[in-house]
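Visitor: Which chain is which? The protein sequence lines are R and V, in order. In terms of the working numbering, the first sequence opens at residue 1370 and continues consecutively. In terms of the working numbering, the second sequence opens at residue 27 and continues consecutively.
Because the hints were derived from the structure by calculation, they are not lab data. For every residue, glycine included, the Cβ atom is placed at its ideal position computed from N, Cα and C.
Just a few of them, taken from the derived set where beta-carbon distance is under 7 Å, the chain R residues facing chain V:
no., residue
1, I1414
2, E1415
3, I1416
4, H1417
5, V1435
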Amino acid sequence: MTSTRTRMVTALAVLGVSLALWLPAAVPCCRAAAQTTDVELAPEIEIHDWINGDGRTTLADFRGEVVLLEFWNSH
Amino acid sequence: MGHLSRLQDKYRAKGFVVIGITGEDRATNLRYMLHNDPAFTYRVALGSAPGYETPEFPWSVLIAPDGSVAWQGSPARMSVKKNLKPLLAQVRKPTAAERDARAAKMLAFANAFLADHFFVRAESAFQALITTYPASEAATTAKARMKSLLVVDGARVEYDAQNAIVKLVGGVEAPNPTSKRVKNPERDAAKLKKLAQQYAESAPRAARLALEWADIYSEVWK
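Next up, chain V with everything else stripped away, as it sits in the complex:
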């Protein structure tokens, strides 16, 4: 599965997006990823896609820039030269309206984390928006939100506590590309449970985050 990160990283600038899709829940999938591809950089969508026939797993579907299915089959049969590159040649620049719509979606996405007091995730989502669509109106709003991120009472304590968990886990939402395979998940789960207790009163959102990761690490993938 590491090949998917490499493939996306190589062709991302040309307009290539990888989306892993699974019907499993977040914790189950993250356990699986920690074991199989801990440095993944692509998106994982948790849900279903009843319109597709998947005769086997894994199963790849390539979607052209016009939104049509261009190719599907076993991932091993996908040829970068024959199947992917001709589609990349069709990639077009987004229109101004499309850029604005995407920037607005990214802003709404980041705002939802802010409303949930998940400050470190909000910060990374605002930053992604500013980097991707720097000239957009949404990016101007994102910059203002970044400046006032921690003005709410207790936000600084929450932010620091959340960052301590992120440091332990290796990434804000999923382990970051430089993190190593988890060597001792039981020990990490115990540490995270202890942090959850420590933050229960002072930083409840961080405590919840610690428990989510403790749950992920408490079961070793076999």
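Extracted from the complex, chain R is given alone in its bound form:
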């Protein structure tokens, strides 16, 4: 009986240590994985008129393409 209990305690302890070793590694892994799907989007632009426009009015309308925003001020 005693030896069975000892074996069980040992098995639980091994399991506990394994979990303790696994968890810290597991948490950053999953957080990092979540970050890749949860992209921080570029701030939207607030536009009232377009020159050479085609009906796409927000950055979301251009998702999937590469956009170069060039800010200028003529003065």
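Chain V: place on chain R using the hints.
Guide: Below, chain V without anything else, positioned relative to chain R:
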């Protein structure tokens, strides 16, 4: 600024879009463009973008296909090889739903010009839709609209008058890529004012267009 047109033209087919953005109004910006980059082919957005910090002008921000900011800085520091090309490698084909949504937006955009009797601009917007998304339902509607573009009373007169102004200016909305730098804006402004008077009764939308361009040409950019 001519480099922006060249850059977009070179990589457009790979999924590259240039958007100039300025807080100035349309006439001021077109005056500026006529002086600095009369053959520009990229989009200019008139409005604001308060979410961005712009320590200096001009200021470039590259946005990746996933919608995140990938790089920003002075345009002179942007490297096509290091900053742009890796992003172009991430460009993906739009889904069927995205294509349909874009085509629908282009159709609504063209319809708005039609409702405003700006027939030449409507025609070019319908044509852009048909060229970009030929297989879409919106393109079928656009083709039908093109056929019946001038069925409204007086539409033919408007259309011809608008085309006369477009010919003088060099482009439907902005001077086209082949137009030359404006040499004598005062003379063009006078011509446009005369056209506005001529069209005031018969083609009021064309008259408005002529006055808008007369206003742009009446002040020379310094």
